[in-house]
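So the first sequence is numbered by the numbering used here: it starts at 1 and just counts up by one.
Bear in mind the hints are in silico, worked out from the structure with no lab data behind them.
There is no bait here: all hints are sound.
Here are the simulated DSBU-like pairs of lysine-lysine, each with C-alpha atoms no more than 35 angstroms apart in a straight line:
| id | residue 1 | residue 2 |
| --- | --- | --- |
| 1 | 14 | 88 |
| 2 | 88 | 113 |
| 3 | 14 | 113 |
| 4 | 14 | 105 |
| 5 | 31 | 19 |
| 6 | 66 | 88 |
| 7 | 14 | 31 |
| 8 | 105 | 66 |
| 9 | 66 | 115 |
| 10 | 115 | 88 |
| 11 | 51 | 115 |
| 12 | 51 | 19 |
| 13 | 31 | 66 |
| 14 | 66 | 14 |
| 15 | 31 | 105 |
| 16 | 51 | 105 |
| 17 | 88 | 19 |
| 18 | 31 | 51 |
| 19 | 113 | 51 |
| 20 | 66 | 51 |
| 21 | 19 | 66 |
| 22 | 105 | 19 |
| 23 | 66 | 113 |
| 24 | 105 | 115 |
| 25 | 31 | 88 |
| 26 | 51 | 14 |
| 27 | 88 | 105 |
| 28 | 19 | 113 |
| 29 | 88 | 51 |
None of these values were measured; they are calculated from a predicted model.
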Amino acid sequence: MGRSPCCEKAHMNKGAWTKEEDQLLVDYIRKHGEGCWRSLPRAAGLQRCGKSCRLRWMNYLRPDLKRGNFTEEEDELIIKLHSLLGNKWSLIAGRLPGRTDNEIKNYWNTHIKRKLLSRGIDPNTHRLINESAVVSPSTLQNDVVETLHLDFAGKVKPEPVREEIGGINNCTSSGTTSEKDYGNEEDWVLNLELSVGPSYRYESTRKVSVVDSAESTRRWGSELFGTQSDAVCLCCRIGLFHNESCRNCRVSDVRTH
DNA sequence: AACTAGAGCAACCGCATCGCG
DNA sequence: ACGCGATGCGGTTGCTCTAGT
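Given these sequences and hints, build the entire structure.
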């Protein structure tokens, strides 16, 4: 019994992709678009399972991928996002145009971990290795640290946010704040329109309908954060995209907001 | 030149989540 | 509400390349 395999593996190629396979996949997707990965291999004439095709496309063949070395700005952004999100590579990748989750994950494991360790920072907790106190001040400007806040969809998970504001987060997947401090995980939703900013007042955004009894937490969020119009994306707040359009804010000059 | 160890990265695997009937 | 297939995600593996001896 048990789950049926995602594909018939007996006659499938495995291992590195050949140029011919790449070409077949690219040609097929150009013609038909992405989607239906399970049936794609057969339709494209590939002896690969759908998962493998998807991975190859996502991580290597997509035309919008940015190849080459990570910039210093990207490094810092990854570190900051990891301190907020933990090993949520796909979410982190969503904030780095042209980078894939796999690429970022590999880069983290091979470069950034070492970089943080050399700074005396534990890459898992983002805390200084020799001190129990706070955390990676070297990587975040003070004004940003003081005002780091998260914006929640529908429900607010208050305590960790307060911790964000007071020092730096405990929100990573390996964080230490216990679940009982803010209820069940299912009761709150982190809106990944993460924002970092000065002490603007900020209202929790509600991308999904609020169907809960969280009026109090909502009010709490409003009192704490003010209106959403003040929110600026993380990239802009930490000073990236100084001279170019930010894809998150759609604003060409971040100094104006 | 040959060998070895380590780094880097593409790809795989298994589980989780989503979405549709 | 439930079951099941499809897709997505994160951890891990293993191959390739390169630097050191």
